[in-house]
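A.B. asks: Residues per chain, in single letters:
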Amino acid sequence: MQQEIRIGIVTVSDRASRGEYEDLGGPAIREWFERALASPWQPVSRMIPDEQVEIEKLLAELADKDGCCLIVTTGGTGPAKRDVTPEATAAVCDKLLDGFGEQMRAVSLQYVPTAILSRQIAGIRGSALIINLPGKPSAIAECLDAVFPAVPYCIDLIDGPYIETHDEVVKAFRPKHAVKKQ
Amino acid sequence: MQQEIRIGIVTVSDRASRGEYEDLGGPAIREWFERALASPWQPVSRMIPDEQVEIEKLLAELADKDGCCLIVTTGGTGPAKRDVTPEATAAVCDKLLDGFGEQMRAVSLQYVPTAILSRQIAGIRGSALIINLPGKPSAIAECLDAVFPAVPYCIDLIDGPYIETHDEVVKAFRPKHAVKKQ
Amino acid sequence: MQQEIRIGIVTVSDRASRGEYEDLGGPAIREWFERALASPWQPVSRMIPDEQVEIEKLLAELADKDGCCLIVTTGGTGPAKRDVTPEATAAVCDKLLDGFGEQMRAVSLQYVPTAILSRQIAGIRGSALIINLPGKPSAIAECLDAVFPAVPYCIDLIDGPYIETHDEVVKAFRPKHAVKKQ
Chain A
413 MQQEIRIGIV
423 TVSDRASRGE
433 YEDLGGPAIR
443 EWFERALASP
453 WQPVSRMIPD
463 EQVEIEKLLA
473 ELADKDGCCL
483 IVTTGGTGPA
493 KRDVTPEATA
503 AVCDKLLDGF
513 GEQMRAVSLQ
523 YVPTAILSRQ
533 IAGIRGSALI
543 INLPGKPSAI
553 AECLDAVFPA
563 VPYCIDLIDG
573 PYIETHDEVV
583 KAFRPKHAVK
593 KQ
Chain B
413 MQQEIRIGIV
423 TVSDRASRGE
433 YEDLGGPAIR
443 EWFERALASP
453 WQPVSRMIPD
463 EQVEIEKLLA
473 ELADKDGCCL
483 IVTTGGTGPA
493 KRDVTPEATA
503 AVCDKLLDGF
513 GEQMRAVSLQ
523 YVPTAILSRQ
533 IAGIRGSALI
543 INLPGKPSAI
553 AECLDAVFPA
563 VPYCIDLIDG
573 PYIETHDEVV
583 KAFRPKHAVK
593 KQ
Chain C
413 MQQEIRIGIV
423 TVSDRASRGE
433 YEDLGGPAIR
443 EWFERALASP
453 WQPVSRMIPD
463 EQVEIEKLLA
473 ELADKDGCCL
483 IVTTGGTGPA
493 KRDVTPEATA
503 AVCDKLLDGF
513 GEQMRAVSLQ
523 YVPTAILSRQ
533 IAGIRGSALI
543 INLPGKPSAI
553 AECLDAVFPA
563 VPYCIDLIDG
573 PYIETHDEVV
583 KAFRPKHAVK
593 KQ
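Residue numbers (my numbering), protein chains in the order written: chain A, 413 to 594; chain B, 413 to 594; chain C, 413 to 594.
Same shape as in the complex, but just chain A (with noise of 0.2 Å):
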């Protein structure tokens, strides 16, 4: 039987989460996913201030309680003060993978060069990938782009379901051995 898949969207901030301030960065997060993924799947949809324990706590649940396979974050990553989301992944994870933040910061880069303000990370939690994502709309479309052809495979290293993708939108990448045959 196929696992599940569900997807953790967690939007950190503080004005977002007071309603003074629409939230735009998870529905661009899932409006992407929409478009990119070929597998029956289900977001989880949170929205969280600035605070780094709270945001521990959360992203947590949504690996350890909620089944979810892969959880983005969107804001936090900043130098500010309150910018506190990358502490909260570290806190959490098992395991980093520092490619992540090197390669959106590389992306972004492209587009403007304060890309090397943002301190993005990722990292493992038992199961679930924890990818934090910049907090501007247009960046998280970038950034998405740049890292999800990895990310299938990265799911099916930690015992996650089989992600499968729109190649016209993004290309999963599988070593052969890896592919499964329908």
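Worth double-checking, as some hints may not be accurate.
[Claimed, not checked] Keeping only pairs whose Cα atoms sit at most 16 Å apart, straight-line, the calculated EDC-like set for lysine to aspartate or glutamate is:
#1 C:Lys548 x C:Asp435
#2 A:Lys592 x A:Glu576
#3 C:Lys493 x A:Asp568
#4 C:Lys493 x A:Glu576
#5 B:Lys507 x C:Asp435
#6 A:Lys493 x B:Asp571
#7 B:Lys493 x C:Asp506
#8 B:Lys493 x C:Asp435
[As the list claims (entries may be wrong)] Facing chain C, a subset of chain A residues (Cβ under 7 Å, in silico):
#9 Glu466
#10 Phe512
#11 Gln515
#12 Ile536
#13 Ile570
None of these hints come from the bench; they were simulated from the model.
Quick caveat, the model's predicted, so the values are computed rather than measured.
Note that beta-carbon positions come from the ideal geometry of N, C-alpha and C, so glycine has one too.
We have chain A already, so just place chains B and C on it with the hints.
C.D. replies: Below, chains B and C without anything else, positioned relative to chain A:
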């Protein structure tokens, strides 16, 4: 009232601080800022041996007591035993900004393959940005040219003074909403 | 008197160490060094399961007792639960050199988008440089070709032996003052 712009310039070198060796890094940094900055600013220049605890104390003092919004170091970032500038920097920072080191190494790699030996980092302490630059004077300008476009906006985000540059030397980038009209 | 050049070659693999799987990584590394090094050298080859504490002990022993100036590992750098080579490497190193991992991932990204899943690192322990290479034999040569030009000078800086290469295979880079005349 415009906040004062004070920039700490720290030469880390056993030999230079014993006077056995002329400090070329500190003056190269100062000369770069004189060309690049349009805002009035004041250098706070220091020289110190490669001793981690002393470097930590100096960096903290420049940020907390001397009111520097930006502190740049030169020297002590290699793989040798006495090279401890990144360790001292990490120890006094609240947040690290990995994108700076990544971009400085990527730029230096265009000149020498040994750029991967550099352990340069950058981070935030309170309202100060601390950046490790290379020891070699010619590499200093290469690194500042590459990362400085992101520095003024970074300092805005940590509640520091508004820094303006001479665009023909280095063009500071800010998102539209962050640009002050004159 | 010229110091002896001993190079530790460590295959990290549960299956290879149980004999269920032929070790291809270790021989691929050895073959690369045979082609690349002009200086006389000795391999110190080891095979070990994916157990963090055992890997730590082995790396420490190769550096401290066996007098290896360079130790390269293959395997155990992915996101899976049993992959712990970077954790073991970080635990025994005095200093990490982030530029190695960055450059190896950047090079591997030219071949496969899943290069961002690699957690390869490098660091210094005493007078030994430790580098994590990929598990896949073809990727080993790509990574060594990319980073090795910086390795001999790195080993000079940590007081190791002077390593010379066959320039037509890989050209070691040293600043002029560090090049020994024959």
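A.B. asks: Holds or violated: A:Lys493 and B:Asp571, Cα atoms, limit 16 Å.
C.D. replies: Holds. A:Lys493 to B:Asp571 sits at ~9 Å (cutoff 16 Å).
A.B. asks: Hinted pair, alpha-carbon criterion (16 Å max): A:Lys592, A:Glu576. Please report holds or violated.
C.D. replies: With Cα atoms ~10 Å apart, A:Lys592 and A:Glu576 stay inside 16 Å; holds.
A.B. asks: Quickly compare the C-alpha distance for B:Lys493 and C:Asp506 to 16 Å and report which way the hint goes.
C.D. replies: holds (9 Å)
A.B. asks: Taking only the CA atoms, is the gap from C:Lys493 to A:Glu576 under or equal to 16 Å?
C.D. replies: violated (23 Å)
A.B. asks: Next pair to validate is B:Lys507 with C:Asp435; report whether the Cα-Cα distance is within 16 Å.
C.D. replies: violated (42 Å)
A.B. asks: Take a quick look at whether C:Lys548 and C:Asp435 sit within 16 Å of each other, Cα to Cα.
C.D. replies: Holds - the C-alpha atoms of C:Asp435 and C:Lys548 are around 10 Å apart, at most 16 Å.
A.B. asks: Once the shortest beta carbon distance from A:Ile570 to chain C is found, is it less than 7 Å?
C.D. replies: holds (6 Å)
A.B. asks: With the threshold set at 16 Å, check whether the alpha-carbon distance from B:Lys493 to C:Asp435 stays at or below it.
C.D. replies: violated (35 Å)
A.B. asks: Was the hint right that A:Ile536 lines chain C, CB cutoff 7 Å?
C.D. replies: Holds, because the Cβ-Cβ distance from A:Ile536 to chain C comes to roughly 5 Å (cut-off 7 Å).
A.B. asks: Does A:Glu466 pass the interface check with chain C, least Cβ-Cβ distance below 7 Å?
C.D. replies: Interface hint status for A:Glu466: violated (26 Å vs cutoff 7 Å).
A.B. asks: Let's test the interface hint: is any C-beta of chain C closer than 7 Å to that of A:Gln515?
C.D. replies: holds (5 Å)
A.B. asks: Straight-line Cα separation of C:Lys493 and A:Asp568 no greater than 16 Å?
C.D. replies: holds (12 Å)
Hint violations for this structure: numbers 4, 5, 8 and 9, all remaining hints satisfied.
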